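Chemist: If you want the building blocks of each chain, they are given just below.
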Amino acid sequence: MVQYLTSDFDASFAALSDATRRGILEQLGRSDASITELAAKFRMTLTGMKKHVRVLEQAGLVATQKIGRVRTCMLGQRRLEEEAAWIERYRRLWEARFDALDAVVEELKRTEKNAGTHTKK
Amino acid sequence: MKNPTTVERTSDRELLVTRTFNGPAHLVFAAWTRPELLKRWWAPQSFGITFIACEVDPRTGGTYRFVFGHPSSEQPLEFFGKYLEVTPHSRLVWTNEEGGEGGAVTTVTFEERGAETRVVMHDLYPSKEALDDAMASGSTCGFTEAFEQLDVLLVTPGASAEQP
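Chains as they are written, first to last, in the working numbering: chain A, 1 to 121; chain B, 1 to 164.
Be aware that one or more of the hints could be misleading.
For the chain B half of the interface with chain A, some residues (derived, Cβ under 7 Å), not all of them [as the list claims (entries may be wrong)]: (1) Phe-21; (2) Leu-27; (3) Val-28; (4) Arg-40; (5) Pro-44; (6) Asp-132.
Label-pair distances were calculated between CB atoms; the ranges are [what the hints assert, rightly or not]: (7) Val-105/B <-> Ser-17/A: 37 to 45 Å; (8) Ile-52/B <-> Ile-87/A: 27 to 35 Å; (9) Ala-84/A <-> Lys-2/B: 21 to 29 Å; (10) Asp-133/B <-> Glu-107/A: 32 to 40 Å; (11) Thr-36/A <-> Val-120/B: 37 to 45 Å; (12) Thr-36/A <-> Ser-72/B: 41 to 49 Å; (13) Lys-51/A <-> Glu-101/B: 32 to 40 Å; (14) Asp-133/B <-> Ser-17/A: 18 to 26 Å.
Covered by chain B, per the in silico footprint, the following chain A stretches (three or more residues, Cβ under 8 Å) [to be verified]: (15) 58 to 72; (16) 90 to 104; (17) 107 to 116.
Treat the hints as calculated values from the structure; they're not laboratory data. Source: prediction; values computed, not measured. Don't be surprised by glycine CBs; every beta carbon is placed ideally from N, CA and C.
Next up, chain A with everything else stripped away, as it sits in the complex (with noise of 0.2 Å):
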């Protein structure tokens, strides 16, 4: 996340102080959509689209993806290294905690095995 650059942060900032394109995020979170299909949820014609996808597409929020007459727009890779960074962060509470948990392990088996020795005198 360090690599972002301020300038990076300022696309980012003007390109969701647009209510559209918060939604347009949001909904591409749910799925991957052609700018056809934008268009006609947001009720917008086709260059009003485009244009929204532009600005989102230059601050890496989204990527788009033409193939044959479809371009198709999905989350950007800008949205897949938060969701990356999120995990991370979720593997090392649980790898605090089960590192903690080996030590309770170690300690079972330890009074485990001295009353398995006890019971043998």
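Using the hints provided, position chain B relative to the given structure of chain A.
Modeler: Here is chain B on its own, set in the frame of chain A:
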């Protein structure tokens, strides 16, 4: 050497956490179901979290309630739900109801392999939106600030040394 912990988003609605422990399943299972043992690992010291309450009734239909305190939060964090299945030494299934309808169902399996036990924890959310929301709000862990503290700890040599 610590065993690795892995986390993977296996689908739009699922998260999978896996870890192997160097002990038999009945001991690992006990550590997941006995409150006095749960208290010793569920709220890691390195995260600055403390247990305020740890109530568990580990049987099918039983409930649980965990309440945590954290210096960064005025309100205690509460997690609660119901055990849908408790099969000794092999399987635990519980609901996560603190977040309302968007809560996941957690299934934990304990698989004994020789002297080790592999634990697989599976979170199934009701929808893709529910998991996305949980990720966006951090509600799955609720300890965002704690993670930052951990980041500091992780780069401090000796910080991971075992507590007495």
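Chemist: Where does the structure disagree with the numbered hints, that is, which hint numbers, in rising order?
Modeler: 15
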